[in-house]
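Colleague: Sequences listed follow chains E and P, in order. Under numbering that gives the first Met the number 0, the first residue of the first sequence carries the number 0, and numbering increases by one thereafter. Under numbering that gives the first Met the number 0, the first residue of the second sequence carries the number 0, and numbering increases by one thereafter.
Hints are not guaranteed to be accurate.
Stated by the list, open to error - Quick list of the computed label-pair ranges, beta carbon to beta carbon:
#1 P:F6 x E:V458: 46 to 54 Å
#2 P:R29 x E:G125: 27 to 35 Å
#3 E:A130 x P:F6: 27 to 35 Å
#4 P:F6 x E:Q436: 28 to 36 Å
As the list claims (entries may be wrong) - Derived contacts from chain P toward chain E, CB cut-off under 7 Å, selection only:
#5 F11
#6 Y15
#7 L17
#8 F22
#9 R24
#10 A26
#11 L27
Unchecked claim - Covered stretches of chain E, as calculated for chain P (at least 3 residues, CB under 8 Å):
#12 28-38
#13 200-208
#14 412-426
To be clear, the hints were calculated from the coordinates, so they are not data collected in a lab. Cβ coordinates follow ideal geometry from the N, Cα and C atoms, glycine included.
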Amino acid sequence: MAERPKEQWGSRVAILIAAVSMAVGTGNIWRFPRVAAEWGGGAFLIAVTVGLVIWAIPLLMSEFFMGSRSRLGNIGAFRDFMGPRNTWAGAFMAFVTVGIMFYYAVVAGWCVRYFVVSLTGAIQPGINGQAYWDGFIGNPLETIAFHAVAVGFSAWVVYRGIKGGLERILKIFLPALLFILIVLAARAVTLPGSEEGLRYLFVPDWASLTSGRLWLEAFTQVAWSTGAGWGLMMVYAVYAREKEDIAVNSCIIAFSDVLVGFIAAALILGTLFAVAPTPEYAEQALGAGNVGLTFIYVVDLLATMPGAMVIAPLFFLSLALAGLTSLIAMFELGTTNLMNFGVERHRAAVYVGLAAFVFGIPSAVSITFLDNQDWVWGVALLISGLLTSLAIVKYGVEKARAEINATSDMVVGRWWSVCIRVIPLVFLIIFSWAVYQSVTMYPEDWWNPLETFSTGTMVLQWAILFALVFSLNNFLARKVEAGPMTRGPSTPSGGGS
Amino acid sequence: MDAELIFWILFFVGGYLLILGYFLRIALRRKAEEP
């Protein structure tokens, strides 16, 4: 039986809210709609659903299992599941997500800033979205200031602990986020002309299902959107109550995340096609990337809408809430892992906050650097997912499945075991495709580590990280506190609170 | 909004809501049984 940790989520609802908040991020709002519209609408949604079953749900269950059994963050969990010689795998996972945290805090800061300025009525007819964005992103003092706001808030929440901080805040933020998205989506679908956008989203282009690219895009979206393989579910599960239902909870989290994506996509695509002067303009907006769509085209369109004084702040508030709730999870990951080395929570939260602020500054100052980090660590998340499946294989897939079933109200069948064993193959396909993309993007200098999206930059930065975690393996294995898997349930837990 | 679009919206949104509802029902049943 797993030992009760000092901190704990107060209820099943609390951990579900936390986990769904972790999963629902800015990508649900600005990436999912674009990709769904581009890759065959309903056909893409079918492929996403398959990806949920094959990749996301098995990995979420695995992470939940590892966190709740080890009662340790990623580093300790991998040590206990794969043996001390493979502690580096947990460190790799933790560093990748922390690397994402550095620039994600900058992005959350953008969302907060746009919420604030929309409250002042800045988004009104006559605004030039591109110029407004360029003015902001070209002002490092402003980007750093809002980066500091996002960092400070997240660090404060984590400082206050699981119940006093995360649970209290997320129980407000997630319902507020869902309410806003539903209201805005309902408004969007009633606008004349919105049907074209909804058609892009929901009506399947069946021919797309035969396109390998569609499946790769769908699996990639699922991997990044649900948080599966990030290590965040693993950390939240450290504080799960005993006998928490792993299987049903994981399914709720995964399907909720995609459903929120549907709502956000209805909002974005419905509004875009209703308000855009021409369908071509709407398609142009969808091709403009996450930043272009959200901070330029949507700003321009929102400014022309009746009720912009209300709709614009609501939209950017939803983005800010989505960004902050995911950022809080990343901060908790850093904090929990530090606590496992004997650092008490308050001090750990401050260290994580300081690190996030300092190491996020380059991304705040240079969007090219941010894009590079998003690319390098985004693809590295696939490796983290692979490592999670390997940890379960090492532990024993059927042994893990039996233990998951012991506390689940739903019987997890052999499909889960098959999926865990298939994940390495899925990883190989998606990973190879990502590398292929970067090679074809830079056919002359794909090896150049200074190019933003090159293979060279990924390989170099990963090599540095691998060298670091391999060299620290024995140190980490020794220094991470013992958990119930190594200590046994009868000994009180040590470490920070 | 034509019939085809309405069908697919109901299919996907309704389908996901049904699936979620199924899992939430299981979760609520366990909660009711908890002391």
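Colleague: Each hint: holds or not?
Modeller: Right, here's what the structure says about each hint:
1. P:F6 x E:V458: 46 to 54 Å: About 47 Å separates the Cβ atoms of F6 (chain P) and V458 (chain E), which means 46 to 54 Å holds.
2. P:R29 x E:G125: 27 to 35 Å: For R29 (chain P) and G125 (chain E) the Cβ distance comes to about 56 Å; the hint is violated.
3. E:A130 x P:F6: 27 to 35 Å: violated (43 Å)
4. P:F6 x E:Q436: 28 to 36 Å: holds (35 Å)
5. F11: Because about 5 Å separates F11 (chain P) from the closest Cβ in chain E, which is inside the 7 Å limit, the hint holds.
6. Y15: holds (5 Å)
7. L17: Interface hint status for L17 (chain P): violated (10 Å vs cutoff 7 Å).
8. F22: holds (5 Å)
9. R24: violated (10 Å)
10. A26: holds (6 Å)
11. L27: Violated - the Cβ of L27 (chain P) stays beyond 7 Å from chain E, reaching only about 10 Å at its closest.
12. 28-38: Since 0 is below three, the answer is violated.
13. 200-208: Three-residue rule met by the stretch 200-208 of chain E, so holds; n is 3.
14. 412-426: As far as the stretch 412-426 of chain E goes, the hint is violated, because 0 residues have Cβ atoms under 8 Å from chain P.
Of the numbered hints listed earlier, those contradicted by the structure are 2, 3, 7, 9, 11, 12, 14.
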